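With these hints in hand, go ahead and build the complete structure from the sequences.
Listed below are the residues making up each chain.
There are 2 protein chains.
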Amino acid sequence: MGALDSWTDGAARAAIIEFVERVTTPGGDDHVPPAERVAVFDNDGTLWCEKPMPIQLDFILRRLAAMADQDPALRARQPWQAAHTRDYGWLGQVITSHYQGDDRELPVLAAGILQAFAGITVEDFEAQADAFLRSAQHPTLGRGYLACSYRPMVELLGYLEANGFANYIASGGGRDFMRPISQEMYGIPRQRVIGSSTTLAWEPGEAGGRIVRKPELDVVDDGLAKPVRIWSRVGRRPLLAAGNSNGDLPMLAFAEQPGRPGLRLLVLHDDPTREFDYTAGAEQALQRARNNGWTVVSMQHEWRVVFAETPP
Amino acid sequence: MGALDSWTDGAARAAIIEFVERVTTPGGDDHVPPAERVAVFDNDGTLWCEKPMPIQLDFILRRLAAMADQDPALRARQPWQAAHTRDYGWLGQVITSHYQGDDRELPVLAAGILQAFAGITVEDFEAQADAFLRSAQHPTLGRGYLACSYRPMVELLGYLEANGFANYIASGGGRDFMRPISQEMYGIPRQRVIGSSTTLAWEPGEAGGRIVRKPELDVVDDGLAKPVRIWSRVGRRPLLAAGNSNGDLPMLAFAEQPGRPGLRLLVLHDDPTREFDYTAGAEQALQRARNNGWTVVSMQHEWRVVFAETPP
Numbered sequence: 001m002g003a004l005d006s007w008t009d010g011a012a013r014a015a016i017i018e019f020v021e022r023v024t025t026p027g028g029d030d031h032v033p034p035a036e037r038v039a040v041f042d043n044d045g046t047l048w049c050e051k052p053m054p055i056q057l058d059f060i061l062r063r064l065a066a067m068a069d070q071d072p073a074l075r076a077r078q079p080w081q082a083a084h085t086r087d088y089g090w091l092g093q094v095i096t097s098h099y100q101g102d103d104r105e106l107p108v109l110a111a112g113i114l115q116a117f118a119g120i121t122v123e124d125f126e127a128q129a130d131a132f133l134r135s136a137q138h139p140t141l142g143r144g145y146l147a148c149s150y151r152p153m154v155e156l157l158g159y160l161e162a163n164g165f166a167n168y169i170a171s172g173g174g175r176d177f178m179r180p181i182s183q184e185m186y187g188i189p190r191q192r193v194i195g196s197s198t199t200l201a202w203e204p205g206e207a208g209g210r211i212v213r214k215p216e217l218d219v220v221d222d223g224l225a226k227p228v229r230i231w232s233r234v235g236r237r238p239l240l241a242a243g244n245s246n247g248d249l250p251m252l253a254f255a256e257q258p259g260r261p262g263l264r265l266l267v268l269h270d271d272p273t274r275e276f277d278y279t280a281g282a283e284q285a286l287q288r289a290r291n292n293g294w295t296v297v298s299m300q301h302e303w304r305v306v307f308a309e310t311p312p
Numbered sequence: 001m002g003a004l005d006s007w008t009d010g011a012a013r014a015a016i017i018e019f020v021e022r023v024t025t026p027g028g029d030d031h032v033p034p035a036e037r038v039a040v041f042d043n044d045g046t047l048w049c050e051k052p053m054p055i056q057l058d059f060i061l062r063r064l065a066a067m068a069d070q071d072p073a074l075r076a077r078q079p080w081q082a083a084h085t086r087d088y089g090w091l092g093q094v095i096t097s098h099y100q101g102d103d104r105e106l107p108v109l110a111a112g113i114l115q116a117f118a119g120i121t122v123e124d125f126e127a128q129a130d131a132f133l134r135s136a137q138h139p140t141l142g143r144g145y146l147a148c149s150y151r152p153m154v155e156l157l158g159y160l161e162a163n164g165f166a167n168y169i170a171s172g173g174g175r176d177f178m179r180p181i182s183q184e185m186y187g188i189p190r191q192r193v194i195g196s197s198t199t200l201a202w203e204p205g206e207a208g209g210r211i212v213r214k215p216e217l218d219v220v221d222d223g224l225a226k227p228v229r230i231w232s233r234v235g236r237r238p239l240l241a242a243g244n245s246n247g248d249l250p251m252l253a254f255a256e257q258p259g260r261p262g263l264r265l266l267v268l269h270d271d272p273t274r275e276f277d278y279t280a281g282a283e284q285a286l287q288r289a290r291n292n293g294w295t296v297v298s299m300q301h302e303w304r305v306v307f308a309e310t311p312p
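Protein sequence lines correspond, in order, to chains A and B. The opening residue of the first sequence carries number 1 in our numbering; numbering runs sequentially from there. The opening residue of the second sequence carries number 1 in our numbering; numbering runs sequentially from there.
Honestly, the hints are just simulated from the structure, not real lab data. All figures in this text were calculated on a predicted structure; none of them were measured in a lab. It is possible that part of the hints are untrue.
Claimed, not checked - In silico lysine to aspartate or glutamate, DMTMM-like type, Cα no more than 25 Å apart, as pairs:
#: 1; chain 1: A; residue 1: Lys214; chain 2: B; residue 2: Glu256
#: 2; chain 1: B; residue 1: Lys214; chain 2: A; residue 2: Glu216
#: 3; chain 1: A; residue 1: Lys214; chain 2: B; residue 2: Asp218
#: 4; chain 1: B; residue 1: Lys214; chain 2: A; residue 2: Glu256
#: 5; chain 1: B; residue 1: Lys214; chain 2: B; residue 2: Asp29
#: 6; chain 1: A; residue 1: Lys214; chain 2: A; residue 2: Asp58
#: 7; chain 1: A; residue 1: Lys214; chain 2: B; residue 2: Glu216
#: 8; chain 1: A; residue 1: Lys51; chain 2: A; residue 2: Glu155
Shown next as structure tokens:
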């Protein structure tokens with residue numbers, strides 16, 4: 001597999017190669033030292049699929065359903081009710097409304113999510129996330145979740161890394177949910193995963209004590225928070241940012257520096273045959289991309305293949 | 001300069017070498033893969049000196065004094081009063097009291113500190129920190145602040161890095177204050193600096209927008225927060241931790257994992273001739289080190305030299 005072989009010979013591939021050559025050409029006007037080559041990627045809908053619901057939501061719903069199985073009183077309350085009855089419509093709408101700026105039902109969902117894994121250690125949480133990701137199947141694509149990453153994007157990560165970039169995930173999804181698989185799926189080591197998280201607390205004790213999850217949101221790594229979280233973790237502005245929704249807009253805008261080349265990629269889900277076709281929650285980002293000449297990556301036109309050919 | 005040449009042939013150097021050989025010997029029972037070799041270091045009093053006051057406090061005081069020069073009304077209020085009159089006794093006591101568990105005056109100092117650099121961009125703040133660190137002299141040691149790192153600890157960082165470790169700074173000091181010099185002084189890249197920080201906010205605008213500092217504490221990376229912050233940033237437990245005060249106790253305790261070797265170093269300031277002699281704020285940490293067999297690093301006995309011989 002050569003570099004970017006899963007990309008068609010289109011405008012997006014050309015823009016990527018042109019950008020990488022500019023920043024890596026020794027002695028060139030736009031050369032950037034390797035230590036300063038930072039690329040940031042949203043995860044849901046950018047590196048792996050997020051429909052019919054984000055993969056982490058499936059993980060959480062299974063846990064909520066198990067809680068409702070144990071405790072019938074929970075079945076009358078959202079989000080346990082939706083989890084128990086597999087009412088994915090309600091859930092999907094909460095997420096889409098969020099990206100459209102309507103957060104009225106989000107606290108109901110968030111409260112349930114925070115309860116779902118409260119009080120367990122970070123190691124226990126990671127083991128559960130890891131087991132889920134290695135065993136669960138995507139509901140419609142006929143492949144396991146570990147095979148739901150976009151092959152062109154994985155190629156892009158490898159191409160950037162081979163050109164001296166440090167790739168980071170800057171996702172609204174849970175940092176500790178993605179960490180067990182980020183190296184294997186994306187070649188991104190766990191310390192380069194930035195994401196949302198609950199509050200954690202260290203409790204002294206035998207063998208180094210324990211870090212436990214509290215039922216309280218610490219940071220939601222989305223929207224205006226993304227540039228701040230990237231700066232806090234990396235200490236640099238990114239040269240390249242890739243996203244797919246309105247929540248990625250600030251991060252994409254942030255990937256610009258005076259006198260330096262930058263590349264902003266917006267994945268457009270327009271491929272109902274191979275993946276999904278939706279722009280809900282991405283309207284502003286698409287408008288901005290068109291106004292500012294950011295690179296829109298049409299899955300249908302820019303990608304020769306979407307997923308790896310042989311699901312594991 | 002060989003590995004650990006600035007260390008005497010004492011117990012601390014032997015413990016370090018024995019530990020590193022155990023975790024790096026291929027096929028050994030205690031071998032740890034390189035990706036999992038994480039070492040964390042406090043900064044003030046562990047990697048560089050912190051007396052008569054933390055270096056960052058000098059930086060802040062100069063700014064507060066400049067503010068009081070401009071606005072006489074500030075001269076009647078702490079901490080501007082102390083800064084204006086160079087009353088370092090009051091300031092030092094606030095810090096020492098904090099490490100002894102008494103935080104009654106800390107909010108007064110904190111409020112001033114938060115005002116000192118409010119509203120400026122992270123790039124402006126970094127430029128000011130960088131200029132200060134490159135120009136200011138330590139008040140008593142007769143050397144610039146950039147020459148105030150402990151040479152044996154810098155050697156240790158290099159020795160660990162040469163043995164596949166990723167070194168992180170986990171300091172109560174300001175993350176954005178240390179970042180401009182962490183690579184040059186310690187070989188630790190900016191993304192591996194964990195520390196305290198004010199709240200930041202991204203503001204959209206030309207050229208990628210700006211990230212500005214708000215007059216509000218975001219995280220204080222000290223005490224119980226250190227294990228949580230290390231986990232959040234690294235996603236791993238450290239194998240080695242080094243500190244010097246009670247605020248490092250949780251981090252030192254955290255550097256232990258079932259079935260894995262660990263090393264905990266506690267720097268003891270007992271060298272009035274070459275550096276300083278104090279245990280205030282370190283009493284519990286020293287007690288714990290003695291009870292648990294952690295490695296106490298006496299500056300007087302374990303270090304052949306304290307600072308680099310030729311101040312730049």
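Against the structure, the hints come out as follows:
Between the alpha carbons of Lys214 (chain A) and Glu256 (chain B) the distance comes to roughly 22 Å, so the proposed pair stays at or under 25 Å and holds. In summary, the hint linking Lys214 (chain B) to Glu216 (chain A) is supported, as the alpha carbons are separated by about 23 Å, within the 25 Å threshold. Restraint check: the Cα-Cα separation between Lys214 (chain A) and Asp218 (chain B) comes to about 18 Å, which is no more than 25 Å; the hinted pair holds. Annotation: proposed proximity of Lys214 (chain B) to Glu256 (chain A) holds, straight-line Cα distance about 22 Å (limit 25 Å).
Taking the CA atoms of Lys214 (chain B) and Asp29 (chain B), the gap is near 49 Å; set against the 25 Å cutoff, the hint is violated. For the proposed pair Lys214 (chain A) and Asp58 (chain A), the alpha carbon gap of about 21 Å is at most 25 Å, so the pair holds. Annotation: proposed proximity of Lys214 (chain A) to Glu216 (chain B) holds, straight-line Cα distance about 23 Å (limit 25 Å). Between Lys51 (chain A) and Glu155 (chain A), the direct Cα distance comes to roughly 22 Å. Compliance with the 25 Å bound is thereby established for this hinted pair.
Checked against the numbered hints given earlier, this structure breaks only hint 5.
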